[in-house]
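Chains A and B, in that order, are what the protein sequence lines are.
To convert, count from 1 in the first sequence and add 1319; that's the numbering used here.
To convert, count from 1 in the second sequence and add 1202; that's the numbering used here.
No lab work stands behind these hints: they were computed from the structure.
Just so it is clear, the structure is predicted and the values come from calculations on it, not from any experiment.
One or more hints might be untrue.
As the list claims (entries may be wrong) - Using C-beta positions, here's what the derived DEER-type ranges look like: (1) B:LEU1278 / A:VAL1387: 15 to 25 angstroms; (2) A:ILE1400 / B:ILE1354: 17 to 27 angstroms; (3) B:ILE1352 / A:VAL1414: 44 to 54 angstroms; (4) A:ALA1374 / B:LEU1313: 15 to 25 angstroms.
To be verified - Covered by chain A, according to a simulated footprint, are these stretches of chain B (three or more residues, beta-carbon under 8 angstroms): (5) 1256 to 1262; (6) 1347 to 1357.
In this text, a Cβ means the ideal position worked out from N, Cα and C, and glycines have one as well.
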Amino acid sequence: MVPLSYYLVLSGILFACGVAGFLIKRNIITIFMSIELMLNGVNLSFVAFAAHWHALAGQIFVFFVMVVAAAEAAVGLAIIIAVYRTRETLNVDQVNLLKL
Amino acid sequence: MSVHLVLFLAFGVVCIAGAINLLAQTHPINSALSLIAVMAALAGEYLLLGAEFVAAVQVIVYAGAIMVLFVFVIMLLNAGVEDRTKGSRIAVLFGVPGMLGGSILIAWVMLHHSGTEAVAAGALPGDPRTLGQLLFHEFLLPFEITSVLILIAIMGAVVLASKPPSTPAAGLARKVD
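In isolation and in its complexed conformation, chain B is listed as follows (with noise of 0.2 angstroms):
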């Protein structure tokens, strides 16, 4: 066994031990930390890959942002464990057992029917150097629109989580009533 390969069971045991605890844990806190295990062995995957730029992101907008924002939320809510209803219950009777069958179905045909030439570790130059030339040359136009969606984003996140709008007409109606 060569050290990548090892190297890669490692990660990807990780991410499965992961994976398995965010649905087997019933707070969302212990599912979101198991999240960012998960996250954190992809990067490793990722560095493998040779994907330095895709790893690095990984960690700082995955792992770091969007997971930070998962976390707010849980704590402003204060989520507590989730209850579990008769419907839960028979969609866990058939949830796990359907996973386990589909994880089995698409590794017998990726084993099968992909191609089982080997990626050598760092195949691919993925620096920050070359994807930077990639995206602001030939995917210049996806990279703009984007942006846009990254506003409309901004301006939807403010617009739902702002509370309702209580104008001095509506307070008043309130007092009338």
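Isolated chain A, as found in the complex (with noise of 0.2 angstroms):
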């Protein structure tokens, strides 16, 4: 038996990394993985809470977070493909103009 709180101690550590990789990694890929590990701090959460209230709504929210997630991540790494054609960069402190 694991309390609830150790669950959202363990998914508010993983969120905290997510925002600090966030804020100190400058490769816009390592920067969009760390918005998945904040997604994941979050569905962890979502998962403890479900099982702790009995809801299985919960479980539901994680499945369509997943989904946002992929459609997310399908989009995000299409405009890094497309901003690395433009700058040939991929450091975020390097793609400073909206327009070339």
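If you follow the hints, you should be able to join the two separate chains into one complex; please do so.
Pasting the structure below:
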């Protein structure tokens, strides 16, 4: 038997790691992976709450979060490819113009 | 310590170690592999919570499909070690203590202000049959809207990643220049 708060702490730590990665990483792909890490942290708290409150809808929400994450990954990586094609770089510090 | 707690701690340690390794590595492919480890360990946590379907989907969709997409793009763009600038060093200086502070704050609040009731292993039947009945009855409209979202995402990805249009007129204009 594991207390609910342990799951929430783990989820919070994963989310904090995601935020930190989003802030300190300079590679646009790694920044994107940090966003996925944040989504995973939230998913864990959804499943933990679903088990705690005996509400199966929490697991459905996780399903929808995964679907949105998949769509986001496809579009985001396409944007990264488009950015790389015009800038020849993946460093976000050098992507500072809206138009070339 | 029960078996459940031991398993929770083992998967949790793998999760946190993978997340920190994602931050520590400078090459994106190493970060991607550690993220796969995090997702696989999270699938174990879901199994402990009784969410069988979510655990399977986590492995297939997240650790499988999405991360393959990431690794594919990293290899396609030949991404190298990220170069650090002055601004990013300052970000590390503030970001790492900020992450530690945030984690400790969240942990303190959760441990003191959330319920301390234990969650039993497999407390909730998260098998595909019950989830499917819920998904296709109560959540039918969101499900259908999601399919439209996926369709738009597919088209957007194709449009964004395709080469810029090289129409005959554009080629002619370039030739005139």
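Structure-based check of each hint:
no., hint, verdict
1, B:LEU1278 / A:VAL1387: 15 to 25 angstroms, "24 angstroms, holds"
2, A:ILE1400 / B:ILE1354: 17 to 27 angstroms, "18 angstroms, holds"
3, B:ILE1352 / A:VAL1414: 44 to 54 angstroms, "28 angstroms, violated"
4, A:ALA1374 / B:LEU1313: 15 to 25 angstroms, "23 angstroms, holds"
5, 1256 to 1262, "holds (count 3)"
6, 1347 to 1357, "holds (count 6)"
Against the hints set out earlier in the document, a violation occurs for number 3 only.
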